[in-house]
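J.: First residue of the sequence shown? That's 3 in my numbering, and the numbers climb one at a time after it.
Be a bit skeptical, because a hint or two may be false.
Taking lysine-lysine and the BS3-like style, the derived pairs with C-alpha atoms no more than 30 Å apart in a straight line are [to be verified]: (1) Lys60 <-> Lys82; (2) Lys218 <-> Lys243; (3) Lys122 <-> Lys133; (4) Lys60 <-> Lys133; (5) Lys122 <-> Lys60; (6) Lys82 <-> Lys253; (7) Lys253 <-> Lys144; (8) Lys133 <-> Lys82; (9) Lys144 <-> Lys121; (10) Lys218 <-> Lys152; (11) Lys253 <-> Lys26; (12) Lys82 <-> Lys218; (13) Lys144 <-> Lys60; (14) Lys144 <-> Lys26; (15) Lys133 <-> Lys243.
No lab work stands behind these hints: they were computed from the structure.
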Amino acid sequence: MTAVFCSLPPGSVTAETIHQERSKYRDITVTEVGNRRCLLFNVHRGDRNQTCILVNDKQRLVFDYTRMSFAGLLLNDRPKRILVVGLGGGSIPLTFSELFPDAQIDVVEIDEAVLSVAKKFFFFEETENMKVLVEDGRPFIKRAGIRREKYDYIVLDAFSGDYIPEHMLTREFLDEVRNIMQPESVLVANTFSTSRLYDHESVTYQRAFGEFFNFKLPTTGNRIIITQLEPLPPRNQLVAKAQAFADRLEKYGIPILSYPSRLSTRVDWNMSRRQLTDQYAPANLLRGN
């Protein structure tokens, strides 16, 4: 075992590495300090924790962005089919499985090693209403659209640190996501508020869906994009659903009552930027081309 630093608060003890491996896609590291166990990708590049759990309170969600992923319940509070793209430690699909035991949950994870680590170190297991498919999320979504399958709640959580699956940022991909949505379905995408792609990504989502909720917290560099095909609900409806859900979400540490006031439709990006397409590759922008 080795010791690594993994974005712990000042004065914290150094985390101990309890597992390391290199998969086909990335370096995977599991660290532990006290009762907090964390999953990191590409730790040598300075990535922050991808996900963490409290070993003595596994239901409680540790990170803001993980909790924020459930803000979509303010738009669709009774999902029957749920799709999560990107497994991480498995906290998001496990929470959905507990909240909606009658729902069908599909989890798509490209890296088989991540699934193995989630099971071994993060108490993840497939449930009666949840299955994990090891494959790329984009072709999975495209095939689902061809089969005319629909999902009520879609979480895109495939982004981590310096790893950006650019084929999941383009207009063509978002059109494929639209094909598996019904008017009342909700799309929740975990991205980064500090990314150099912020303006381009925002324009792309706006062109694909029109108005969307921009959900950011000052405590995190993440942002959550929340949208659907039908018009976004008014603020009073968001508040009512938050109040109805608050008790059910308390044990997971999700402060849903504070979310409605933070869902913004204000345009804070440069609307003259080009939308991202399969031809206009995000990689070119990241390289400064």
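J.: Confirm or reject each hint.
T.: How the hints compare with the structure:
no. : hint              : verdict
1   : Lys60 <-> Lys82   : holds, 24 Å
2   : Lys218 <-> Lys243 : holds, 19 Å
3   : Lys122 <-> Lys133 : holds, 17 Å
4   : Lys60 <-> Lys133  : holds, 20 Å
5   : Lys122 <-> Lys60  : holds, 14 Å
6   : Lys82 <-> Lys253  : holds, 22 Å
7   : Lys253 <-> Lys144 : violated, 36 Å
8   : Lys133 <-> Lys82  : holds, 14 Å
9   : Lys144 <-> Lys121 : holds, 28 Å
10  : Lys218 <-> Lys152 : holds, 28 Å
11  : Lys253 <-> Lys26  : violated, 36 Å
12  : Lys82 <-> Lys218  : holds, 27 Å
13  : Lys144 <-> Lys60  : violated, 34 Å
14  : Lys144 <-> Lys26  : holds, 23 Å
15  : Lys133 <-> Lys243 : holds, 28 Å
Hint compliance for this structure: hints 7, 11, 13 are not met, and every other hint is.
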